[in-house]
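If you want the building blocks of each chain, they are given just below.
There are 2 protein chains.
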Amino acid sequence: MKIVVTGAAGFLGSRLAFALLSRGTLADRNGQQRPIRKLVLFDHAAATAIDEPRVESRTGDIADTATLRELIGEDTDAVFHLAAAVSGEAEADFDLGMRVNLDGTRALLEACRRLPQPPRLVFASSVAVFGVPLPPIVTDATTPTPRASYGVQKLMGELLVGDCSRKGFIDGRAVRLPTIVVRPGKPNKAASSFASGIMREPLSGQPGICPVAKQTKVWLLSPARAIDALIHAHELPGESWGLDRALNLPGLCISVEDMVASLQRVAGKTAAGRVAYVPDPVIERIVATWPVNFDTRRALALGFKGDSDFDAILKSYIDDQGIRIT
Amino acid sequence: MKIVVTGAAGFLGSRLAFALLSRGTLADRNGQQRPIRKLVLFDHAAATAIDEPRVESRTGDIADTATLRELIGEDTDAVFHLAAAVSGEAEADFDLGMRVNLDGTRALLEACRRLPQPPRLVFASSVAVFGVPLPPIVTDATTPTPRASYGVQKLMGELLVGDCSRKGFIDGRAVRLPTIVVRPGKPNKAASSFASGIMREPLSGQPGICPVAKQTKVWLLSPARAIDALIHAHELPGESWGLDRALNLPGLCISVEDMVASLQRVAGKTAAGRVAYVPDPVIERIVATWPVNFDTRRALALGFKGDSDFDAILKSYIDDQGIRIT
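Listed in order, the protein sequences are those of chains D and S. Here this note's numbering is used: the first residue of the first sequence is 9, the next is one more, and so on. Here this note's numbering is used: the first residue of the second sequence is 9, the next is one more, and so on.
For reference, chain D alone in the conformation it holds in the complex:
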C-alpha cells in the first residue's frame, strides 16, 4: 500500500499519519489488508518530521496540477484529502478558499483519475455544508444550504468526489466532520476554533475567550474518533457507500455552558473560572448557521462511532497532553 495524505502538517493530518503507521495495514481495492509500504505526507508547509523509513514528506501547492500529478504516482492505492483553507480563512479571503478548497480538490481528483486503478479517496468534508434554514434534526437527506464560502467549497468538493466516483475515476468517500474538540496547540482561523480554545487555554492556565453566548450549542467529535472515522471511511467497501458518497458523522451535541461545567468537574473550579465570554459578532453569525442536532443513523449503521460524553473527551485530552490537574 502506498498512501498519500494531504494537509498532513495539520492537526488531524499528523494524527492520521501516526495512526496509519501504528496500524501498519490498510485495505486494498479488493478489501484485503495489506502492509503500508509508503506513506507520503503532503502539505504547503513542512510537517513535523517523522523519522520512519515508510514516510516521505513533500511540500507544495495543492492547487498546482503538475505538483499533484507528481505527488499521486501510479502506485498510489489510497488518498486521504485533508488539505483545506479553514472556515475563517475561506470567508476572509474568497480567492484563497476557492484555490485551496476547490482547485486543490479538483487537481487532486484529476491526478487520481490518471492512475491505472481508481484509488480509494477519503475527503474530509464538514457539517459547515449545512446552513439556515435548518430542520430540527439534520439527516443525510437534509439539503445543504451553506451560508459561508467554506461550506460552499466543501460541498462542491463533495459533489466532485461523488461524480468522479460515479464515473469510476476514484472510489471516493466524503465524511462531514463535526467540530473537532479538544485540539491542542494554537487557535486557528476556523470560526469553530473557540470550541477547543475555551478548554485548552484554561487547562494551561490561560484565559479561554468564548466569542459566542454560553447557551450556544455545538456539534463535536473528539480527535481520536475523527481519526477512527477517516480510517473507517477508507476501509468500508465501495458497495456500502453506493451512489451517496457524503456522510454526516456521529457527534455530540453540547452547549458551551455544559462544556464549561464539564471542565469544572474534570479540572476544577479555577480552570473553569478562566473562561470569559467576549462576544464576536462575526464568529457568532457564522456559528449560528451551523447545525447541532443530527440523526446519523446511516453512519452508525455503517459502523462509525461518536463520543459518549464530554467528560471523557476532556479526560482523554488531559491524558494525551500530560496535563497535571492540581
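Warning: the hint list may mix true and false statements.
When chains are identical, the list treats them as one kind, so a pair holds in a single copy or across two.
What the hints assert, rightly or not - In silico EDC-like cross-links for lysine to aspartate or glutamate, where the CA-CA straight-line distance does not exceed 20 Å:
1) LYS175 - GLU99
2) LYS175 - ASP103
3) LYS194 - ASP327
4) LYS222 - GLU243
5) LYS10 - GLU243
6) LYS197 - ASP288
7) LYS175 - GLU97
8) LYS197 - ASP59
Because the hints were derived from the structure by calculation, they are not lab data.
Using the hints provided, position chain S relative to the given structure of chain D.
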C-alpha cells in the same frame, strides 16, 4: 442598460436576444426600467447576425478569464448566462463539461466581481440537478442529488452564484429550467433532445425517434415561457430572492404517449404515426433519474408562469414555424 448574454448563439439565447430587443427596457439595479442601450451576444460560435445598432456580437471561449474580463466591461448592468455544454456532451466528455459549465461560470463570475457595481446575473440552471432517489414531489427544499456530470456542474454553478450573491459580488438568480419543448432546428446532444424531436420531426414529415418508453413522463416548459422566466428572474428585486438564489420553475408534467396523443389531436393521425419507439439505454438511464413531479409554489408566488396544456405548446410551435397542417 448594457446587457451581456452568454450562449447567445443557442436556441434560448437567440430568442432571449430578440425578446430583450423587442421589450426595449430592463430594470436597473434600483428596479427602474431603463432603455437597453447595448446588447452583447457572446458565444463560442458566431450567432445569427442581428442587424441592429444596439447589438454587438462576440465570439470566444467562455472559460478564458481574459476574454471574459474584456467581455464584461465596467458598464455592464445585467448578464444572462446561458452558455453550457448540454447533458449528453457533459456526460460523454467530462473535461468539456467541467470547462464550459464550471470554469465558464466561474470566469464569468470573476469578471462580474471586478465591476464597480454588482450586476444582476441570471443563470440558466436545470432540473437535472435532481436525481434518484427522488421524493414523490420535488420542491425547492428537495436535496439535489445529481446523477450525471451535467447536473453536478449546474449545481456547482448555482452554489457559486449563491455564494457570490451573498458576498455582494453579483446579484444572482438561478432558475432551474424544465426540458424546453418544442425546440426548432436539429437535435442536440442533450439527453432530453428527443422530447422536441418526437414532435418536430413528425411535423416536418420525418420519423420522430423516441428513445424512451411511451409511459415515460417529462417535465416541460415552452420556449416562450422559458424566455419570460429568464427575464422575470432578472426583473425581480434582490430582496424577493433572499439567500436562496436557485429556483425550480413551473412546468408541465406529461407522458410521451400523451404528447403523441396531443400531436394527433393538433396535427392529425399521419403526423402522430411517424413517432417510432427505439429504446436507447444510455438516454433511458439518464432520463430515468430526472424528476417530473414538482411543487413550484415559491416560483408561482414570485410571479413565474408555466404552460397550461400541451396542445397550446404544440399549436404555438406550429404557428411560430409557419407549418401548414394538411
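The hints, checked one at a time:
Taking CA atoms no more than 20 Å apart as the test, LYS175 paired with GLU99 passes between copies only; the shortest distance there is 9 Å, against 31 Å inside one copy. In this assembly of identical chains, the alpha carbons of LYS175 and ASP103 lie at most 20 Å apart only when taken from different copies (12 Å versus 28 Å within one copy). Only within a single protomer do LYS194 and ASP327 lie at most 20 Å apart by alpha-carbon distance; the minimum there is 18 Å, versus 71 Å between protomers. In the homo-oligomer, the alpha carbons of LYS222 and GLU243 never lie at most 20 Å apart, since the shortest distance is 38 Å inside one protomer and 44 Å across protomers.
Proximity of LYS10 to GLU243 under the C-alpha cut-off of 20 Å is restricted to the intra-copy arrangement: shortest distance 15 Å within a copy versus 55 Å between copies. Taking identical chains as interchangeable, the C-alpha atoms of LYS197 and ASP288 lie at most 20 Å apart only when both belong to the same chain, with a minimum of 13 Å there against 52 Å between chains. Taking the closest pair of Cα atoms, LYS175 and GLU97 come within 20 Å of each other only across two copies (14 Å); inside a single copy the shortest separation is 32 Å, beyond that limit. Proximity of LYS197 and ASP59 under a CA criterion of 20 Å is satisfied in neither setting, with 30 Å inside one chain copy and 55 Å between copies.
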